[in-house]
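Colleague: This is what each chain is made of:
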Amino acid sequence: MSDPQESGAWRRLRARPSAVAAAAVLAVLALLALGAPLLSALEGQDPTTYHDQLIDSARGGVPTGSLGGISADHWLGVEPGTGRDLFSRLLYGAQVSLLVALGATVVQVLIGVAVGLAAGFGNRLLDGVLSRFTDVLVALPMLVFAVALTAVVPEEFPRPLLLIVVIGLLNWGGVSRIVRAQTLSLKKLDHVAAARLGGSGPWRVARRELLPALAAPVITYAAILVPSNIVVEASLSFLGIGVKPPTSSWGQMLSTATTWFRADPAYVLLPAACLFVTVLAFTVLGDAVRGALDPRERSRLRVGTRTAGPRPARKQAAAAAPDTTKGAAR
Amino acid sequence: MTGYVLRRLGGALIVLFLLSALVYLLFYVAPGDPAKLACGPRCNAEQIRQVREQLHLGEPLLQQYLHFLQGLVAGRDYSTGTGVLHCHAPCLGLSYQNDQPVTTLLASRLPVTASLALGAMVLWLLLGVGTGLLSALRRGGTTERVLTVLTLAGTATPVFITGLLLLMLFCAGLQWLPFPTYVPLTEDPEQWAWNLLLPWTALALLESAKYARLTRSATLETLADDHIRTFRAYGLRERAVIGRHALRGALPPVIALNAIDLGTMFGGAMLTETLFGLPGIGRLTVQSVRTVDLPVVVGAVLGIGAAVVLAGAIADVLYALADRRVTLT
Chain A
449 MSDPQESGAW RRLRARPSAV AAAAVLAVLA LLALGAPLLS ALEGQDPTTY
499 HDQLIDSARG GVPTGSLGGI SADHWLGVEP GTGRDLFSRL LYGAQVSLLV
549 ALGATVVQVL IGVAVGLAAG FGNRLLDGVL SRFTDVLVAL PMLVFAVALT
599 AVVPEEFPRP LLLIVVIGLL NWGGVSRIVR AQTLSLKKLD HVAAARLGGS
649 GPWRVARREL LPALAAPVIT YAAILVPSNI VVEASLSFLG IGVKPPTSSW
699 GQMLSTATTW FRADPAYVLL PAACLFVTVL AFTVLGDAVR GALDPRERSR
749 LRVGTRTAGP RPARKQAAAA APDTTKGAAR
Chain B
86 MTGYVLRRLG GALIVLFLLS ALVYLLFYVA PGDPAKLACG PRCNAEQIRQ
136 VREQLHLGEP LLQQYLHFLQ GLVAGRDYST GTGVLHCHAP CLGLSYQNDQ
186 PVTTLLASRL PVTASLALGA MVLWLLLGVG TGLLSALRRG GTTERVLTVL
236 TLAGTATPVF ITGLLLLMLF CAGLQWLPFP TYVPLTEDPE QWAWNLLLPW
286 TALALLESAK YARLTRSATL ETLADDHIRT FRAYGLRERA VIGRHALRGA
336 LPPVIALNAI DLGTMFGGAM LTETLFGLPG IGRLTVQSVR TVDLPVVVGA
386 VLGIGAAVVL AGAIADVLYA LADRRVTLT
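Chains A and B, in that order, give the protein sequences.
Numbers 449 to 778, taken from my numbering, label the letters of the first sequence in order.
Numbers 86 to 414, taken from my numbering, label the letters of the second sequence in order.
The following block holds chain B by itself, in its conformation from the complex (with noise of 0.2 angstroms):
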């Protein structure tokens, strides 16, 4: 068990690395002088040749990024016009707006994006197993045609017009809710989930389809199981044979899918954030991308892949435990 998670672990240590020198050949070979964009709009070519000088950049490509690399494992420092500013490992850059590193500007969104993340997370286990256990349950009946037509039509809406149409309903119409703004858990918790209450729900409506999907599959594949067969012949109670035992087949996707969509997750969540105007990490990247902050979009993505690949391997971990039938190779 140790030696697959190591094993498992150490994959995807691999495919960061390739990822980092793929993300950051992209970004910097891409067209665009660096130096300019880093220096603003009204700079000189005397304050241009400079901040190229400071970045490193008139260096040979592997240079840089071996610079680069080093300021992820040990940190680097930057020398400005002043002084010397120096950015701790795990150091990605400086921000070419505020020459803030932008580890530090990753780590002020991640508890906006992180309570959207969890918030969202438990609605959308809720309303998704839930309702795919049922319509399993019910198969044939109208329960599940009309539990059918509402996955299908949670598949089919983009987040952004499922939030529009809560915020259209519950601030303009109803107006029982405030339009959101963020509110940190330690300021004001009740405030905190009152104004996150829209954002969770749109997202939980959109992802809920699929777990009620991947829910409704696994059940009726574990039901259909001999053993299940079995319990029933030797005079289980029904709700003891689903309770206890077909739930439990159907969990191991669901946890190791759910563990995948936490990961990505931690990403940002860009269309809910831009829509409801959290400032989590998927706005900071929108708002990189517009004023081509390189720095941040390299260090965003790279974030985001980080927390994709690790999520990968924790939830084929996470299956394996979950699901003893598996054997670990």
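Excised from the complex, chain A in its bound form (with noise of 0.2 angstroms):
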């Protein structure tokens, strides 16, 4: 890429020390969820063989040995219970967690971009019926939405790629409100308006004219998006309503422990500690990718002053409350 405000970004991105480590940690990650076949065969392990013989029976199923039983064998111990590998289940459940989150932002933002751009560029009425919708979209909580979905389709339905679809559809709001409010300053401008008065077709304007200026704003989003995803993912595993067993998946591993944390604390330690890791490096990292592709924006995370110019209109809640402090799951 020639374009010189590329490179700067890039450059900026760079220079920040929290977003390289973030995003090491992140590659990091990413290699280990792709070997999670090729490091559990190192192991010798895979993740749903039972081990009756490494759990104490006698006190309910805790683990033999210290540390939730890790061994050389065992690199991070096993399961309460059932006696399952820690090691090669976590490192699968980071495949489903990255899986999930990553494809339900791809759902997001091609969603998110197609309605934003036909609300921009669509009559009144159209732009009407699709910003009203998507009022209601953003409003609602999306969690208890995926949770009542996930309930009326069939059981057969391969439950990874369900996921990425009900995620993905209850969360393009703020993408399409941006891309919307982008495409209707955008068209204003000389270069659309002459696209346009050349005899262009909407498609054609969109795609050449209009893209390129919104890909910016919608990476930026796009980024938040990801670990909030990931925290979905987790929340609707933990509810027993995610990947089915005995696939592993996080969020489903804190829902077993749950019930071990007084005898195997190790239990809860280790998704627990993987799933903040990872949602901290995205969020981190998307915090910087926001700072790097617009460097008039300051850090979302840190400070929210526009200590310069004229104070924005603020004339209803919802800019009070912006997406990015959209409700949590809870």
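Quick caveat, the hints were computed from the structure, so don't treat them as lab data.
Glycine is no exception: its CB is placed at the ideal position from the N, C-alpha and C atoms.
Don't take every hint at face value.
[What the hints assert, rightly or not] Pairs of lysine to any residue, SDA-like flavour, derived with a Cα cap of 20 angstroms:
no., chain 1, residue 1, chain 2, residue 2
1, A, Lys636, A, Arg656
2, A, Lys635, A, Ala661
3, A, Lys692, A, Pro608
4, A, Lys692, B, Gln372
5, A, Lys692, B, Val377
6, A, Lys692, B, Arg375
[What the hints assert, rightly or not] Chain A residues, not near chain B, derived (Cβ > 12 angstroms throughout):
no., residue
7, Arg464
8, His499
9, Phe581
10, Ala587
11, Val592
12, Arg652
13, Leu702
14, Ala721
15, Leu728
[What the hints assert, rightly or not] Here are a few chain B residues that face chain A, going by a calculated C-beta distance under 7 angstroms:
no., residue
16, Leu101
17, Leu110
18, Phe112
19, Met206
20, Thr242
21, Ala257
22, Gln260
23, Leu262
24, Pro263
25, Leu288
26, Leu356
27, Ala392
Both chains are sitting in their own frames, so use the hints and assemble them into the complex.
Modeller: Written as structure tokens, this is what we have:
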């Protein structure tokens, strides 16, 4: 890419130590997830075999040995109750987490861009209908709907795909709002107006004149969506409506851990640490991407001040509670 | 003002109506035979046919939806095998599991959810607004850096992790607190609070991060305003500037966000209630999803939608009342 703005963004991103650290953590995580079969084979274990001899049935199924049964054979110990290998279960859990979160983000961006463009380009009626619909969607608690939707889908439907679709369908409102706002202001610019007067159809104008300008805000927003999607996947799995056993996922491990936290603390801490580090790394990286793509915008996590310039017109509470502070999963 | 409130509530009602149609369509057109689900796994073909008739499932969809709306507004009768069961307005249907009206089920869980929501709200406001103010006033110092890191960690930790860690520390480790069980406030206020302390804390730690960020940015924005500079130039003491004027500028967005959050909370905190085993609306929803008890799921989703939409309208009105710069249109 020879676009000078693009390279400037890369430079600014690389200049942030926190961004580099977060990216490194995520790269390691991606490698671990991709290499899950290989690494499990290296350890000599798989995520689904029960090891009855490794759990102490006299003490209710707690792993034998210290620290949750850590040994040369089981690098991170075994699961209480079943004796399944934790190292490989965590690795395969990372696969689910990343696959669902990234897949859902792609769905969210595609729908959001399409709806936003249609609303920005369409006539008043279309814009009104789409914007109202977006408002309703943004306001609704997403987790409740995701949980409810999984109730009506047949059992045979592949679960990871279902999670991607459900999470994707429910949280594109923020993207479409940004794209609509950008389209409305871009529409007035000279080069876009010239293209339209020159006889280009809306599709061609959108593709050649608008999409390049939309890339920065959309990437910024997508980067914020990834960690929230990870939390939603983990939450659904925690509630027992995520991926099906014996497939492992961090949320499902934490759900099992609720019955073991007294007897086997290690079993709580491992998936909790994985989930926490992943969400934190994506959050930090997302914040850095935002700063790098839009230098005027200071860090979302640290500063929200607009010291220079006039106070922005705030008319409704919607402006006071922007999407980034949208209700978390509780 | 009255006109604005009425228009805003009218808009909320329209949204609610659309939502009910959408949710109804989604859940009753979905694959799976409602009659079979309502009847249970051990029903024969004849029983299923009877249930289909009782629930008017043979009729066209629009007719069914109108029945549903009629129940919502005026109540409706269900004929069971032995007699007629009247479901009072607002009727959201009968549970497939035990034939109880969904409204009754939701109402019986409401005290738990309300206890959880209100207690957690007090904590998250204290914690969040306090942290936000402190970090705005100590801008650039070590305090601010520490608070920033803590806030970031708070945002990145799902509530069930915080909750599990709290359980490990206070129930299993130090054994200061019991594993939470719900005790009604009317029965024993002390036990009520004691048992809810951990769930409140887990929720508050999650939510307060959001409030800290909002309070911080709103305070800094207000402090940079011209009128604050004027107060300072007149020699008003810093304590008065901050306590009386900066805080007032920072509060409207906090109040608005809180109205929305509280509305959402009344739909139940599914994760928190599940983790701590509290029998609130959120746990009811999750259990109904597992047993595919569609009327309860639809009822809960609609109830939550109603709470959120109304809370949004209330938030807008409160925001306008608290911040007199806002013009109502």
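Colleague: Are the hints correct? Go through all of them and say.
Modeller: So, going through the hints one by one against the coordinates:
Only pairs whose Cα atoms come within 20 angstroms are accepted, and Lys636(A) paired with Arg656(A) is accepted, the gap being roughly 15 angstroms. For a cut-off of 20 angstroms, the pair hint linking Lys635(A) to Ala661(A) stands: about 11 angstroms separates their Cα positions. A C-alpha spacing of about 9 angstroms is found between Lys692(A) and Pro608(A), which places the hinted pair at or below 20 angstroms, so the restraint holds. This hinted pair checks out: Lys692(A) and Gln372(B) have alpha carbons roughly 17 angstroms apart, not beyond 20 angstroms.
For the proposed pair Lys692(A) and Val377(B), the alpha carbon gap of about 17 angstroms is at most 20 angstroms, so the pair holds. Straight-line distance between C-alpha atoms of Lys692(A) and Arg375(B) comes to about 13 angstroms, which keeps the hinted pair within the 20 angstroms bound. Annotated as non-interface, Arg464(A) keeps its C-beta farther than 12 angstroms from every C-beta of chain B; the closest such distance is 14 angstroms. Its beta-carbon lying about 24 angstroms from the closest one in chain B, His499(A) satisfies the requirement of being farther than 12 angstroms from that chain.
In this structure Phe581(A) is not separated from chain B by more than 12 angstroms, as the shortest Cβ-Cβ distance comes to only about 9 angstroms. Separation of Ala587(A) from chain B is inadequate, the least Cβ-Cβ distance of about 5 angstroms not exceeding the 12 angstroms criterion. Non-interface call for Val592(A) relative to chain B: violated, since the shortest CB-CB distance, roughly 5 angstroms, does not exceed 12 angstroms. Separation of Arg652(A) from chain B is adequate, the least Cβ-Cβ distance of about 34 angstroms exceeding the 12 angstroms criterion.
The Cβ of Leu702(A) does not lie farther than 12 angstroms from every Cβ of chain B; its closest approach is about 6 angstroms, which violates its non-interface assignment. Once the 12 angstroms rule is applied to beta carbons, Ala721(A) is inconsistent with being away from chain B; the minimum gap is 9 angstroms. At the 12 angstroms boundary, the C-beta of Leu728(A) falls inside the reach of chain B, the nearest C-beta of that chain being 4 angstroms off. The restraint placing Leu101(B) at the interface with chain A is violated, with a minimum CB-CB distance near 10 angstroms, outside the 7 angstroms limit.
With 7 angstroms as the threshold, the beta carbon of Leu110(B) stays out of range of chain A, its nearest partner Cβ sitting at about 11 angstroms, so the hint is violated. For Phe112(B), the interface hint holds, since its Cβ comes within 7 angstroms of a Cβ in chain A; the closest pair sits about 6 angstroms apart. Residue-level restraint check for Met206(B) is violated (minimum Cβ-Cβ distance to chain A is 12 angstroms; threshold 7 angstroms). Interface hint at Thr242(B): satisfied, since its Cβ lies 6 angstroms from the closest Cβ of chain A, which is below the 7 angstroms cut-off.
The closest approach between the C-beta of Ala257(B) and any C-beta of chain A is roughly 4 angstroms, which is under the 7 angstroms cut-off, so the hint is satisfied. A cut of 7 angstroms between beta carbons decides the hint on Gln260(B): the least distance to chain A is about 10 angstroms, and the hint is violated. Hint on Leu262(B) is violated. Least Cβ distance to chain A is approximately 13 angstroms, over the 7 angstroms limit. Hint status for Pro263(B) relative to chain A: violated, with the closest Cβ pair at about 13 angstroms, above 7 angstroms.
Hint status for Leu288(B) relative to chain A: holds, with the closest Cβ pair at about 6 angstroms, below 7 angstroms. Satisfaction of the interface hint for Leu356(B) is found here, the shortest Cβ-Cβ separation to chain A being roughly 6 angstroms, below the 7 angstroms cut-off. The restraint placing Ala392(B) at the interface with chain A is violated, with a minimum CB-CB distance near 9 angstroms, outside the 7 angstroms limit.
Violated hints, listed in ascending order, are 9, 10, 11, 13, 14, 15, 16, 17, 19, 22, 23, 24, 27; each of the other numbered hints is respected by the structure.
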